[in-house]
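**Q** Sequence:
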Amino acid sequence: MSGYLSSQLLSREALAAAASQRQRLRDNYGQIISDLQAGPLLEIGPGRGELLDVLSRAGPEQKLREIYAVDIDSEVANHIRKTHPDVTTVHQDPIQFIRGGDRQFAAVFMLHVLEHLKADYAVNLLSEIRQHLRSGGLLVIEVPNTACSHVGTTIQSSDITHKVAYTSISLKQVCTMAGFDNIEIAGIRPRGNSPARLAQRTAIALLIQADRLRHKIFLPSWRFLHEPTIYAVCRAI
Numbered sequence: 127m128s129g130y131l132s133s134q135l136l137s138r139e140a141l142a143a144a145a146s147q148r149q150r151l152r153d154n155y156g157q158i159i160s161d162l163q164a165g166p167l168l169e170i171g172p173g174r175g176e177l178l179d180v181l182s183r184a185g186p187e188q189k190l191r192e193i194y195a196v197d198i199d200s201e202v203a204n205h206i207r208k209t210h211p212d213v214t215t216v217h218q219d220p221i222q223f224i225r226g227g228d229r230q231f232a233a234v235f236m237l238h239v240l241e242h243l244k245a246d247y248a249v250n251l252l253s254e255i256r257q258h259l260r261s262g263g264l265l266v267i268e269v270p271n272t273a274c275s276h277v278g279t280t281i282q283s284s285d286i287t288h289k290v291a292y293t294s295i296s297l298k299q300v301c302t303m304a305g306f307d308n309i310e311i312a313g314i315r316p317r318g319n320s321p322a323r324l325a326q327r328t329a330i331a332l333l334i335q336a337d338r339l340r341h342k343i344f345l346p347s348w349r350f351l352h353e354p355t356i357y358a359v360c361r362a363i
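First residue of the sequence shown? That's 127 in this note's numbering, and the numbers climb one at a time after it.
Restricting the straight-line Cα-Cα distance to at most 27 Å, the calculated cross-link-like pairs of lysine-lysine (DSSO-like) are:
1. K342 x K298
2. K289 x K244
3. K298 x K244
The hints are simulated quantities; they were obtained by calculation from the structure and are not laboratory data. Fair warning: this is a prediction, and the values are worked out from it, not measured in the lab.
Based on the provided sequences and hints, a complete structural model is requested.
**A** Written as C-alpha cells, this is what we have:
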C-alpha cells in the first residue's frame, strides 16, 4: 500500500519507539541469533530496519554473513537501501525472490508481517521458506496476539493493512499447514526495571490473569498464550 512507510513506520510515535524496539529484539532474539548456524539470513518485511541493525551488529561472525531483505513495498525497500547499504535489499514479491535463487538460508525472519498477508498466501510463503532453509535452519515469525483482550487486539486493529488476526493456536496452525513439524510458540512480555517498564509488566500480568480466567470459563478445552505479542520458531529438518 502506497504511503505505508511514512504513515506507519516513520510516524513520530514509531520513530520515538525505535531505540526501545532494537533493545527488545536483542532481549528476545539475541540468543537465537547467536546460536544460528552458518549461512545467509533473510528478513521479509524489514520495516525501519531495527532487526537488520541487530543482525549486522550481533558479533564478528555475523559480519561475514550475507544478509538479505525483501519487501513488496518499493518505498520500504528504498529506505532500507539507504539506511543499510551492506544489506542486499530487493523490491519483489517474497515468494518470487525465494524461488528465484538457489540460496539455502540459515534463518528467515518475519516480524509483524504475517498478519498483513491473506491466509492462503501466508501458507504458500511459509512453505516456500521451508523448502529454502538449510537443515536445522530457522523461520522466526512474530505477530500481535489477539487472545490478549486489550493490548493485542489494539495492536491488531491499529493498522488497516492487517488482514488476519492470530492467536498462539492459529499461528501454530499456519506453520503446520506450511509443512513444519518442529514448531515452538512463545509469548513476549516487557522487560526492564524502569518505572514505565515495571508499570507495563504489572498491567500485562494482570491482563494475562484476567484473559486466562475468561478463556478457562468460556473455552476450557483451548490452550492459549495471552501475552500481547507472540512468536513462532520453526526448525527445518
